[in-house]
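Please assemble the complex out of the two chains, which come individually in their own frames, going by the hints.
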Amino acid sequence: MEDFKTLAYNIFTIWLSVIILFIMLPSMFGISLGISEFYMKILVKILEWATLRIQRGFQEKKKIQMIASNGIIQRDKSPMEEEIGGLRQSRSQCLQRGDFELSDAFYFSKKGFEAIVDDEVTQRFSSEELISWNLLTRTNNNFQYVSLRLTIVWVLGVFIRYCILLPLRVTLAAIGISWLVMGATLVGQIPNGRVKNWFSEKVHLVCYRICARALSSAIQYHNKENRPKKGGICVANHTSPIDIIILANDGCYAMVGQVHGGLLGVIQRAMVRACPHVWFERSEMRDRHLVTKRLREHALDKEKLPILIFPEGTCINNTSVMMFKKGSFEIGGTIYPVAIKYDPQFGDAFWNSSKYSMVNYLLRMMTSWAIKCNVWYLPPMSRKEGEDAVHFANRVKSAIAKQGGLIELPWDGGLKRDKVKDSFKEEQQKNYSKIITGPNNVSQKDD
Amino acid sequence: MGSRASTLLRDEEIDEIKKETGFSHSQITRLYSRFTSLDKGENGTLSREDFQRIPELAINPLGDRIINAFFPEGEDQVNFRGFMRTLAHFRPIEDNEKSKDSSNPEPLNSRSNKLLFAFRLYDLDKDDKISRDELLQVLRMMVGVNISDEQLGSIADRTIQEADQDGDCAISFSEFVKVLEKVDVEQKMSIRFLH
Numbered sequence: 001m002e003d004f005k006t007l008a009y010n011i012f013t014i015w016l017s018v019i020i021l022f023i024m025l026p027s028m029f030g031i032s033l034g035i036s037e038f039y040m041k042i043l044v045k046i047l048e049w050a051t052l053r054i055q056r057g058f059q060e061k062k063k064i065q066m067i068a069s070n071g072i073i074q075r076d077k078s079p080m081e082e083e084i085g086g087l088r089q090s091r092s093q094c095l096q097r098g099d100f101e102l103s104d105a106f107y108f109s110k111k112g113f114e115a116i117v118d119d120e121v122t123q124r125f126s127s128e129e130l131i132s133w134n135l136l137t138r139t140n141n142n143f144q145y146v147s148l149r150l151t152i153v154w155v156l157g158v159f160i161r162y163c164i165l166l167p168l169r170v171t172l173a174a175i176g177i178s179w180l181v182m183g184a185t186l187v188g189q190i191p192n193g194r195v196k197n198w199f200s201e202k203v204h205l206v207c208y209r210i211c212a213r214a215l216s217s218a219i220q221y222h223n224k225e226n227r228p229k230k231g232g233i234c235v236a237n238h239t240s241p242i243d244i245i246i247l248a249n250d251g252c253y254a255m256v257g258q259v260h261g262g263l264l265g266v267i268q269r270a271m272v273r274a275c276p277h278v279w280f281e282r283s284e285m286r287d288r289h290l291v292t293k294r295l296r297e298h299a300l301d302k303e304k305l306p307i308l309i310f311p312e313g314t315c316i317n318n319t320s321v322m323m324f325k326k327g328s329f330e331i332g333g334t335i336y337p338v339a340i341k342y343d344p345q346f347g348d349a350f351w352n353s354s355k356y357s358m359v360n361y362l363l364r365m366m367t368s369w370a371i372k373c374n375v376w377y378l379p380p381m382s383r384k385e386g387e388d389a390v391h392f393a394n395r396v397k398s399a400i401a402k403q404g405g406l407i408e409l410p411w412d413g414g415l416k417r418d419k420v421k422d423s424f425k426e427e428q429q430k431n432y433s434k435i436i437t438g439p440n441n442v443s444q445k446d447d
Numbered sequence: 001m002g003s004r005a006s007t008l009l010r011d012e013e014i015d016e017i018k019k020e021t022g023f024s025h026s027q028i029t030r031l032y033s034r035f036t037s038l039d040k041g042e043n044g045t046l047s048r049e050d051f052q053r054i055p056e057l058a059i060n061p062l063g064d065r066i067i068n069a070f071f072p073e074g075e076d077q078v079n080f081r082g083f084m085r086t087l088a089h090f091r092p093i094e095d096n097e098k099s100k101d102s103s104n105p106e107p108l109n110s111r112s113n114k115l116l117f118a119f120r121l122y123d124l125d126k127d128d129k130i131s132r133d134e135l136l137q138v139l140r141m142m143v144g145v146n147i148s149d150e151q152l153g154s155i156a157d158r159t160i161q162e163a164d165q166d167g168d169c170a171i172s173f174s175e176f177v178k179v180l181e182k183v184d185v186e187q188k189m190s191i192r193f194l195h
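Chains as they are written, first to last, in UniProt numbering: chain E, 1 to 447; chain C, 1 to 195.
Isolated chain C, as found in the complex (with noise of 0.2 Å):
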């Protein structure tokens, strides 16, 4: 219910999360209202099952990954502020954010921000390399049953080839951003969040 969720978000805690994340006031507040409308165990924290109970997102292909990237390592709830956190890598670069000082650490979406939050969709074993096999597994995940596996892998070596530099058959973080170099990530990686 809107009226609980406004009540149990403290001020303090919304502007730590507008620090971290960019968010505006009121997009925080209607974030976390649904938040807490996607958690059916009220406990404050989101499990993966939360996720999957979202019908557009349960049959999305890379579904999984993308429930994924809201759980650190070994962890399998998710409270707000990590929600939040996650989120940001698709909020919209503004234009007063386009120069900042390299003083201030880089805010969550950043290009190379977003990069690495697609790259690491790939990346299953989180070694910071997408190997043929990664890269394979991901594949089946997006096409299914439609494709043979000698076609999936000849488009698996195909890419690989191409964004290899090192030889190592394998594709680094920064391979893969000189690949997408001319993507714009920013766009293609963002969503239009109202004010």
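The following block holds chain E by itself, in its conformation from the complex (with noise of 0.2 Å):
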């Protein structure tokens, strides 16, 4: 029995000091050993023999074709105008009235039809499918029993994800966060001034090393010469939580949010400590002009980290960016726009928050390969003479989707939780109405 406490309080001294220098010592100083790369390039490999394997099971077998493209349909484009004009001219004598023709519910019956087979908006709140097989088991469609080297590889993973990255991952995140409540009190202590900046920096600074460690994360930052600069709003994509650990990595930030409880809580009123963030309660949340003008005040002060916003409001998928809420280009100042993009290849960093509570998530990331992304900071923006912040929002979100390979969608992220407004539909209804009245007779109900 002895022996065993001994043994167990060595290898947990081992565990901790092996920890400390490898890790803990190199991320402090923010210089990299080059192990990560190392394991990033060999799971590279591993891998892409993994995808070779598969496919050429499936050539033996000629059973299922492997197919690049995941649509199922391809959606048919053209404007309610065209179509419905064009279901007009198929009846000769009725060229001449735009009148209501029988006819007219093929148009909706087909676009409500391609909505429910392949939409726009649904698919990008659930995990995006992959081409090939990760040796996670996720999404991959195409995979079935393989053959038996690739099983015990499999099999392999799991053991590495589960018996010692997760354990390594767990312990880091564990000294992350208690360096951070810990470190963040003891500046708070420190009078302000630049001193307690300059201390309160680099506490956060290591905090979010350590805790990208934990996730295994191998992230590429491009332009850094358009990083954030101190008094202004920076604006990012969002997929998940993660994304602050991503961008915190690389510079320190002013968080908006709400105020949590439980650990969420404990840990926010430790960073309030050592330098402003901004956490509302919730009733104050409601308050717009409330939320706008703390805002304001904190984005127009020079000397105060610049705030992280992500305008979207919600976790998508990573394939495409959704309607940026206003509020944020309402408050003036200096726009840095931020592309995140992840790499699903190793691990699908996507917060699907309706199916996976946090501590699900976080479990989820913590036994997944590794985190890999790139960061793109683009040229600061401001919102033009005349422009109004609707205009402004979509220019940001256009220019985030651009750099970071992602589809633009119109659509409001909101809708993963809330139904769609009625104003939609009673945009299309007034379309219709167009179409068969003449445009005069309905502008002038408007009226």
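What the hints contain is simulated information worked out from the structure, not anything from laboratory work.
The structure presented is a predicted model; accordingly, all values stated were derived computationally and were not measured.
It cannot be assumed that every hint is accurate.
[Claimed, not checked] Label-pair distances were calculated between CB atoms; the ranges are:
no.	chain 1	residue 1	chain 2	residue 2	range
1	C	R140	E	R288	32 to 40 Å
2	E	L290	C	R10	24 to 32 Å
3	E	T292	C	E13	54 to 62 Å
4	C	F173	E	Q74	28 to 36 Å
5	C	R10	E	E427	41 to 49 Å
6	C	R140	E	G265	47 to 55 Å
7	C	E13	E	Q74	25 to 33 Å
[Stated by the list, open to error] Below, a list of computed lysine to aspartate or glutamate pairs in the EDC-like style, where the Cα atoms sit at most 20 Å apart:
no.	chain 1	residue 1	chain 2	residue 2
8	E	K77	E	E408
9	E	K416	C	D50
10	E	K110	C	E181
11	E	K421	C	D50
12	E	K416	C	E56
13	E	K293	E	E281
14	E	K434	C	E150
15	C	K40	E	E120
16	E	K416	C	E42
[Claimed, not checked] Far from chain E, some chain C residues (derived; all Cβ distances over 10 Å):
no.	residue
17	E16
18	K19
19	Q52
20	D76
21	L116
22	L124
23	E134
24	C169
Note that CB positions come from ideal geometry on N, CA and C, so glycine has one too.
Written as structure tokens, this is what we have:
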């Protein structure tokens, strides 16, 4: 019994010292030992091999074809006027009349069925489908049992992920978070001033670096010269809560958000002691004027850290960018757009919040191979004269979508939970009314 | 999740659906994974709410009628078989299907089945006639508040007048078919499914 205890104790000390020596210290000074690069290289090799095996397996069986595109249908994109106009022309005697035809229902039913089979919005709220299998049990339609060798590799993978990577990562995350809580609380004792800011920045950076290592993230930052500067707002597309760690790894941000309870609450309270973040009470969030006012005060102060905002308001599966809520673009000040694109090959970073809880999600992250992502800093943008917040928001959104290689969608990310607003349907009805009565009649009714 | 989708659908089932609807093997597995992703209750069936959660369908003026087409009288759940049967109406007619002998049952995507589908969008009470009242209700769904009652009434009157042959002030299916005789139903009521 005694032997067992000492053995366990020894293993624990060795474990901790290895972590501190090889991970903690390098991350404190922001240097890399090249271990993660090596790990990624090996991973890529193994995954390539696995994909090749699967493809070969399929070729032998000649049963299921590998289809590169994920679409089910090819959608008809022609606008309503054209489609219904086309229906009209097929009945020559009615060419002159703009009137209603029984065949008009064809257009709506076709559109409806296309949406049922494949719509632009709901699929963005579930995990992206991969073309190749990444040896995790996830989203590959084409994977079934392929070969013994592949299965052994997979089992080995499970062992490594759950028995080696997971404990390592959990330890790291625990260290990182306690570092932040303790460090921030200590820094909070220092009187406001340059010294405090310097310390606070260091404490935050080290914490995020440790956390990033806890997720084995390999992040590549592009165009560092455009990094958000003090007294501005940084906006980025949103895939998961990890986005914050990814961005904060390369600079400090002021966070905006709701006050939480539990562990998150403890972290929030500690952080706000060290440097000014903007936390709102739940009741305050409803008051939009108050929110805007507090954010404006923060954003216009050149001494304060740039605010980090995800204007989509919800996590999207990293294939597209959805509507940017205009609130953050009404504040004024310089906007620093940032595009984040994850490589889904090593693990799916998307947080499907309606399916997994936060803890469940983090567990999945920590048992994935790695988080690989690219971050692009875009040149700062500001509102043009005469441009309203909605247009400005769209302009920023386009820039991010273009840089990140994401599809731009006009839909509101809030649709994940809420029903679509009636006004969109009314818009369709109005368009149709114009077709059957001629534009003049409808607009008269509006006045 | 995709992996679950392919494991839960048995080969016999796929074959039966293939026979019934004419969809290919890969189309069926793809549509099955779509079906499971719409199935928020995860019970193997879709409810009306599951359909309404698709924003593009929710904004469709005839969305409710379209959703209704998936649910047989008195039911509020549709399983994958039923889902596929209704979808099959919008499968394009392929060249080799045009010249099929009449001994086989008519495929779901035939011209007349496509027309019947459209007819039922208008026929709210399922009495195989589109009355003036039914036409008005469907028109109202399509135009919203943008057109006055009188104007809509005259549109309905004219439409029925044009189509009505037996003078019962309603449109029967055969009259419906006659009116749409020259319309390219095959193309307008088909979605380009990928293989």
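Taking the hints in turn, this is what the structure says about them:
For R140(C) paired with R288(E), a C-beta distance near 36 Å keeps the hint of 32 to 40 Å intact. At roughly 58 Å, the beta-carbon separation of L290(E) and R10(C) lies outside the given 24 to 32 Å, and the hint is violated. A hinted range of 54 to 62 Å holds for the C-beta pair T292(E) and E13(C), which are about 55 Å apart. As the Cβ distance of F173(C) to Q74(E) is approximately 31 Å, the hint placing it in 28 to 36 Å holds.
For R10(C) paired with E427(E), a C-beta distance near 44 Å keeps the hint of 41 to 49 Å intact. The given range of 47 to 55 Å is respected by R140(C) and G265(E), whose C-beta atoms sit roughly 52 Å from each other. The hinted window of 25 to 33 Å between E13(C) and Q74(E) holds, with their beta carbons roughly 26 Å apart. Our distance criterion of 20 Å between C-alpha atoms is met by K77(E) and E408(E), whose separation comes to about 15 Å.
About 12 Å separates the Cα atoms of K416(E) and D50(C), which keeps this hinted pair within 20 Å; it holds. Between K110(E) and E181(C), the direct Cα distance comes to roughly 19 Å. Compliance with the 20 Å bound is thereby established for this hinted pair. A distance of roughly 17 Å separates the Cα atoms of K421(E) and D50(C); the hinted pair therefore holds under the 20 Å criterion. For the hint pairing K416(E) with E56(C), the CA-to-CA distance comes to about 13 Å; that is within 20 Å, so the pair holds.
This hinted pair checks out: K293(E) and E281(E) have alpha carbons roughly 15 Å apart, not beyond 20 Å. A C-alpha spacing of about 16 Å is found between K434(E) and E150(C), which places the hinted pair at or below 20 Å, so the restraint holds. With a C-alpha separation of about 17 Å, the suggested pair K40(C) and E120(E) falls inside the 20 Å cut-off, and the hint holds. Straight-line distance between C-alpha atoms of K416(E) and E42(C) comes to about 17 Å, which keeps the hinted pair within the 20 Å bound.
With a closest Cβ-Cβ approach of about 19 Å to chain E, E16(C) is found to remain outside the 10 Å limit, as its non-interface label requires. Non-interface status of K19(C) relative to chain E is upheld: no Cβ of that chain comes within 10 Å, the nearest being about 19 Å off. The claim that Q52(C) is not at the interface with chain E is violated, since a C-beta of that chain comes within 10 Å of its own (minimum 7 Å). At roughly 17 Å, the least C-beta separation between D76(C) and chain E is larger than 10 Å, which holds for a residue marked as non-interface.
No beta-carbon of chain E is positioned within 10 Å of the beta-carbon of L116(C); the least distance is around 12 Å. Distance to chain E confirms L124(C) as a non-interface residue, since its nearest Cβ pair spans about 13 Å, more than 10 Å. Here E134(C) stays apart from chain E, with its beta-carbon at least about 12 Å from theirs, past the 10 Å limit. At the 10 Å boundary, the C-beta of C169(C) stays outside the reach of chain E, the nearest C-beta of that chain being 15 Å off.
Going down the numbered hints, you'll see the structure goes against 2, 19, while the others check out.
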